[in-house]
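> From first to last, the protein sequence lines are chains A and B. Residue 65 in this note's numbering sits at position 65 of the first sequence, with consecutive numbering throughout. Residue 132 in this note's numbering sits at position 132 of the second sequence, with consecutive numbering throughout.
Some clues are possibly wrong.
In silico BS3-like cross-links for lysine-lysine, where the CA-CA straight-line distance does not exceed 30 Å [as the list claims (entries may be wrong)]: (1) A:Lys32 / B:Lys132; (2) B:Lys35 / B:Lys132; (3) B:Lys35 / A:Lys39.
No lab work stands behind these hints: they were computed from the structure. Everything numeric in this text was worked out from a predicted model, so none of it was measured.
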Amino acid sequence: MNSLAVRQVLPKGVGRTELVWTCFGYASDDAKMTELRMKQSNLVGPAGYISLEDGAATGFVQRGAAGASERSSFVEMGGRTVESNESRVTETSVRGLWQQYRRHMDL
Amino acid sequence: MDVELQVTVENLLARYVHAIDDDRLEDWPGFFVDKGRYRITTAENYERGLPLSIIYADSRAMLADRVSALRHANIYEAQRYRHTVSSTLIERIDGNTARATSNFQVVRIMHTGDSMLFAGGRYLDRIRLDGKDSRFEEKIVVLDSCSVDTLLAIPL
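Please model the complete structure; the sequences and the hints are all you need to start from.
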């Protein structure tokens with residue numbers, strides 16, 4: 001089952017970020033489909049089976065970065081370009097996000 | 001006021017939060033009837049009638065799955081909760097069922113020793129009454145805040 005979900009990343013300061021999760025249903029969904037979507041949503045959010053650890057992991061990175069402000073590291077997964085791919089199992093789309101982020105933040 | 005009913009419900013709530021706070025999570029699904037529903041949502045979503053939940057389960061088996069994931073799959077920093085439940089108002093629906101509304105607060109104690117007020121809100125419960133074997137038919141945890149710090153692993 002495919003579902004549309006939006007995750008907003010809201011920087012709130014140097015040490016604080018908020019994530020806003022929005023999951024969508026469709027006007028054509030019947031009650032059974034809505035129930036399925038509610039069950040599927042157990043995968044995401046602060047208690048999500050998949051995403052539960054994301055908050056902790058980014059917290060670890062933040063702590064690590066704060067203690068090593070003079071250092072930097074770079075893991076190049078699959079190149080530097082932003083392009084269409086056959087699969088979603090790729091870092092390409094997140095590279096696109098960070099390219100736009102740098103542009104908007106004048107970095 | 002029905003004192004026996006009040007004591008029965010408050011005792012169920014007390015046993016429920018002690019099981020979680022004592023890390024007896026394997027006992028947690030047993031506080032629900034077989035087809036019991038458990039939901040954590042925010043006051044904002046609840047008041048707008050939006051169905052999305054932070055946790056959603058419609059059976060005891062789904063709760064057991066979550067405990068299994070917490071024990072064996074999910075990785076998160078060691079932490080404990082301390083629940084306080086108060087101001088329980090009870091309304092009898094019929095001979096076997098009651099509705100209860102309670103306030104709750106949860107202090108989260110991290111492995112580092114840091115304690116924080118992690119969650120607060122209301123328990124909206126529908127309870128099947130059976131003395132010491134009373135169980136939740138439905139438990140809706142309505143968080144007053146729209147945000148959760150870092151992650152919510154242990155149930156509320």
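> Evaluate each hint against the coordinates.
How the hints compare with the structure:
Between Lys32 of chain A and Lys132 of chain B the CA atoms are separated by roughly 35 Å; this puts the pair beyond 30 Å, and the hint is violated. A distance of roughly 19 Å separates the Cα atoms of Lys35 of chain B and Lys132 of chain B; the hinted pair therefore holds under the 30 Å criterion. Under the criterion of a C-alpha separation no larger than 30 Å, the hint pairing Lys35 of chain B with Lys39 of chain A is consistent with the structure, at around 14 Å.
The earlier numbered hint that this structure contradicts is number 1, and it is the only one.
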